[in-house]
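J.: Sequence:
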Amino acid sequence: MEDDRKDAVYGTPQKYDPTFKGPIYNRGCTDVICCVLLFLAIVGYVAVGIIAWTHGDPRKVIYPTDSRGEFCGQKGTKNADKPFLFYFNIVKCANPLVLLEFHCPTPQICVKQCPDRYLTLLSARNTRDFDYYKQFCVPGFQNNKGVTEILRDGECPAVITPSKPLAQRCFPAIHASKGVLMVGNETTYEDGHGARKNITDLVEGAKKANKILEARQLAMQIFEDYTVSWYWIIIGLVIAMLLSLLFIVLLRFLAGIMVWVMIVMVILVLGYGIFHCYMEYSRLRGEAGSDVSLVDLGFQTDLRVYLHLRQTWMAFMIILSILEVVIILLLIFLRKRILIAIALIKEASRAVGHVMCSLLYPLVTFFLLCLCIAYWASTSVFLSTSNTAVYKVVDDTACPLLRKTCNPETFPLRNESLQCPTARCQFAFYGGESTYHRALLGLQIFNAFMFFWLANFVLALGQVTLAGAFASYYWAMRKPDDMPAFPLFSAFGRALRYHTGSLAFGSLILAIVQIIRVMLEYLDQRLKAAQNKFAKFLMVCLKCCFWCLEKFIKFLNRNAYIMIAIYGTNFCTSARNAFFLLMRNIIRVAVLDKVTDFLFLLGKLLIVGSVGILAFFFFTHRIRIVQDTAPPLNYYWVPILTVIIGSYLIAHGFFSVYGMCVDTLFLCFLEDLERNDGSAERPYFMSSTLKKLLNKTNKKVAES
Numbered sequence: 005m006e007d008d009r010k011d012a013v014y015g016t017p018q019k020y021d022p023t024f025k026g027p028i029y030n031r032g033c034t035d036v037i038c039c040v041l042l043f044l045a046i047v048g049y050v051a052v053g054i055i056a057w058t059h060g061d062p063r064k065v066i067y068p069t070d071s072r073g074e075f076c077g078q079k080g081t082k083n084a085d086k087p088f089l090f091y092f093n094i095v096k097c098a099n100p101l102v103l104l105e106f107h108c109p110t111p112q113i114c115v116k117q118c119p120d121r122y123l124t125l126l127s128a129r130n131t132r133d134f135d136y137y138k139q140f141c142v143p144g145f146q147n148n149k150g151v152t153e154i155l156r157d158g159e160c161p162a163v164i165t166p167s168k169p170l171a172q173r174c175f176p177a178i179h180a181s182k183g184v185l186m187v188g189n190e191t192t193y194e195d196g197h198g199a200r201k202n203i204t205d206l207v208e209g210a211k212k213a214n215k216i217l218e219a220r221q222l223a224m225q226i227f228e229d230y231t232v233s234w235y236w237i238i239i240g241l242v243i244a245m246l247l248s249l250l251f252i253v254l255l256r257f258l259a260g261i262m263v264w265v266m267i268v269m270v271i272l273v274l275g276y277g278i279f280h281c282y283m284e285y286s287r288l289r290g291e292a293g294s295d296v297s298l299v300d301l302g303f304q305t306d307l308r309v310y311l312h313l314r315q316t317w318m319a320f321m322i323i324l325s326i327l328e329v330v331i332i333l334l335l336i337f338l339r340k341r342i343l344i345a346i347a348l349i350k351e352a353s354r355a356v357g358h359v360m361c362s363l364l365y366p367l368v369t370f371f372l373l374c375l376c377i378a379y380w381a382s383t384s385v386f387l388s389t390s391n392t393a394v395y396k397v398v399d400d401t402a403c404p405l406l407r408k409t410c411n412p413e414t415f416p417l418r419n420e421s422l423q424c425p426t427a428r429c430q431f432a433f434y435g436g437e438s439t440y441h442r443a444l445l446g447l448q449i450f451n452a453f454m455f456f457w458l459a460n461f462v463l464a465l466g467q468v469t470l471a472g473a474f475a476s477y478y479w480a481m482r483k484p485d486d487m488p489a490f491p492l493f494s495a496f497g498r499a500l501r502y503h504t505g506s507l508a509f510g511s512l513i514l515a516i517v518q519i520i521r522v523m524l525e526y527l528d529q530r531l532k533a534a535q536n537k538f539a540k541f542l543m544v545c546l547k548c549c550f551w552c553l554e555k556f557i558k559f560l561n562r563n564a565y566i567m568i569a570i571y572g573t574n575f576c577t578s579a580r581n582a583f584f585l586l587m588r589n590i591i592r593v594a595v596l597d598k599v600t601d602f603l604f605l606l607g608k609l610l611i612v613g614s615v616g617i618l619a620f621f622f623f624t625h626r627i628r629i630v631q632d633t634a635p636p637l638n639y640y641w642v643p644i645l646t647v648i649i650g651s652y653l654i655a656h657g658f659f660s661v662y663g664m665c666v667d668t669l670f671l672c673f674l675e676d677l678e679r680n681d682g683s684a685e686r687p688y689f690m691s692s693t694l695k696k697l698l699n700k701t702n703k704k705v706a707e708s
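Each step along the sequence shown adds one to the number in the numbering used here, with nothing skipped, and position 255 is 259.
Certain hints may be false.
The calculated lysine-lysine pairs, modelled on DSS-like cross-linking and capped at a C-alpha distance of 25 Å, are [as the list claims (entries may be wrong)]: (1) K350 x K598; (2) K695 x K483; (3) K168 x K79; (4) K340 x K696; (5) K598 x K696; (6) K598 x K695; (7) K598 x K558; (8) K168 x K82; (9) K598 x K608; (10) K340 x K703; (11) K608 x K350.
In short, the hints are calculated from the structure, not lab data.
Throw the hints in and build the complete structure from the sequences for me.
T.: As structure tokens, then:
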């Protein structure tokens with residue numbers, strides 16, 4: 005009765021189908037509407053890219069441009085002899101939005117050289133230094149106004165400081181020995197009239213600019229390290245690849261030993277913890293103050309105080325004892341399921357051995373993801389550099405043209421300027437007022453959304469391809485004789501030909517959740533300065549909920565793709581069948597998931613740790629390989645971290661294939677138990693090890 009109620013809640017088990025012999029070859033297209041929607045979205049994405057490439061100019065990221073959008077030091081431009089960009093107020097560049105818009109909201113001009121002395125407009129005015137100072141004013145500057153008017157109109161900077169060029173941009177050199185004095189948190193200077201001027205903001209901006217200079221020097225040293233160590237880095241990554249392959253092979257023979265050693269080690273560690281807590285509890289007996297209760301002591305910021313209480317060690321001992329008892333009871337009642345998990349892991353090693361080309365498929369996924377990232381990044385840069393300089397009419401008197409858009413080159417000659425004789429056409433902001441410029445934020449969001457959609461589609465394609473290949477292995481009665489000639493290529497072709505729509509459907513759902521999470525992160529950054537505790541609490545709850553939702557959708561999609569690869573059903577049907585199948589075997593799912601997670605974690609730690617230790621001893625000149633030794637480096641951690649990160653990515657690529665194999669075989673195993681009964685007409689497809697663990701036999705085999 006309990007099984008009947010369970011089946012009623014989680015669907016009906018699969019029935020025997022005499023025609024089913026593994027992945028169905030005669031199948032039809034699924035989720036065609038989503039396939040069409042993906043095609044239209046890609047066409048729109050290409051159109052956005054073309055529009056962005058038409059309006060954008062990535063040279064703005066590399067080469068500096070002045071406030072009028074003209075390049076500095078580029079041949080064929082007005083500023084061909086002025087290669088450096090000078091900022092009137094560099095403090096305004098210390099804004100995160102500058103990274104998004106690639107423009108600092110302060111007047112900028114191209115100059116022949118960066119300032120090499122300290123001057124202020126007030127001190128330089130009416131002196132021989134003003135001829136030098138004028139080269140840092142706007143082009144065409146006429147010295148016919150007062151100081152306040154010049155500063156109001158943004159024609160000259162209030163102050164210039166000794167600067168150094170970085171990427172053709174002038175940044176203040178706060179460590180110069182002349183001109184700059186720092187006193188505590190405030191920096192002051194003496195002008196020509198003896199007045200003390202506060203330039204704290206300027207120094208703060210200069211500090212940030214100096215950090216950029218230091219970052220540039222660091223980047224150059226890191227680049228030098230890569231140029232002399234790339235050969236050894238590649239060798240380290242090859243070693244990581246060989247170790248990953250060796251670990252997968254060893255799992256076929258040592259999976260059981262590794263799992264049981266892990267379980268015994270956990271039990272022993274918990275046992276030692278209980279023993280240690282008891283010894284500390286006994287040692288504190290009779291000591292002054294050790295019998296104070298946790299409630300009486302209350303909360304203390306110094307947590308070490310609690311270690312001097314007997315009650316603390318008693319609580320630790322009780323918690324560890326409960327964990328020990330729970331683990332032992334789980335081992336007693338779940339030992340059979342642990343053995344099944346070990347057998348499936350061993351079977352996965354055999355499957356990977358028969359489909360060896362599957363280990364190379366992550367390279368295909370990596371290549372396609374690189375294409376997605378490159379298109380997204382280039383489109384984002386082109387969109388961000390589509391802005392143009394916008395000028396507005398500015399006047400201190402009432403003027404009908406006030407705040408209207410103008411052209412600084414033609415404004416003095418136009419009739420409109422006669423209406424307001426004192427009006428000026430002044431730089432307002434960097435952006436644009438056309439429909440395209442107003443839609444830039446939406447286009448950036450669409451660009452990010454399409455990146456998530458296509459990246460998830462590429463990952464889904466890889467999962468369906470691998471699942472189809474490994475399912476062909478499981479459902480072959482005589483392995484590997486009954487397997488197709490090229491299972492991986494066959495599965496890849498079926499996925500693209502019949503199930504592009506289903507893959508688009510699953511990746512679309514995940515992309516929507518991910519773009520919402522990105523928007524929540526953006527809102528969270530904007531709300532950090534707010535004091536509304538309820539808004540912060542609500543934001544934390546939303547971020548947590550959508551994080552959990554994303555994890556669940558990834559889990560559901562992964563198993564849905566396996567069912568798509570086997571049966572060729574649409575996404576919703578496959579997701580429902582996979583979910584119900586797993587829920588009917590929830591304990592087996594939990595055990596297998598934790599066992600495989602541990603093995604993969606252990607494998608990654610062993611591979612990354614081994615290669616990382618080898619790289620550490622080599623690049624720190626503690627060992628030699630043959631007659632060669634490590635090259636001299638500025639920072640030995642540069643190649644070491646590169647090898648460690650690369651080793652992890654390589655190991656993750658290998659184990660992602662292996663994990664997909666285990667998940668596929670597990671679902672096939674559950675389907676096998678529901679479909680077949682071991683009779684001559686309905687024989688089991690599982691391996692002999694699994695049949696032995698479950699006390700199952702095929703009657704045809706038994707009679708022979």
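J.: With reference to the structure, classify each hint as holding or not holding.
T.: Structure-based check of each hint:
1. K350 x K598: Given that 25 Å is the threshold and the Cα spacing comes to 16 Å, the pair holds.
2. K695 x K483: Satisfied, since the Cα-Cα distance of roughly 16 Å is no more than 25 Å.
3. K168 x K79: Holds, because 23 Å separates the two Cα atoms, which is no more than 25 Å.
4. K340 x K696: Satisfied, since the Cα-Cα distance of roughly 11 Å is no more than 25 Å.
5. K598 x K696: holds (23 Å)
6. K598 x K695: holds (22 Å)
7. K598 x K558: Since the Cα atoms of K598 and K558 sit roughly 17 Å apart, the hinted pair holds (cutoff 25 Å).
8. K168 x K82: holds (23 Å)
9. K598 x K608: Holds: K598 and K608 sit about 15 Å apart, inside 25 Å.
10. K340 x K703: Between K340 and K703 the Cα gap is close to 23 Å, so the pair holds against 25 Å.
11. K608 x K350: holds (18 Å)
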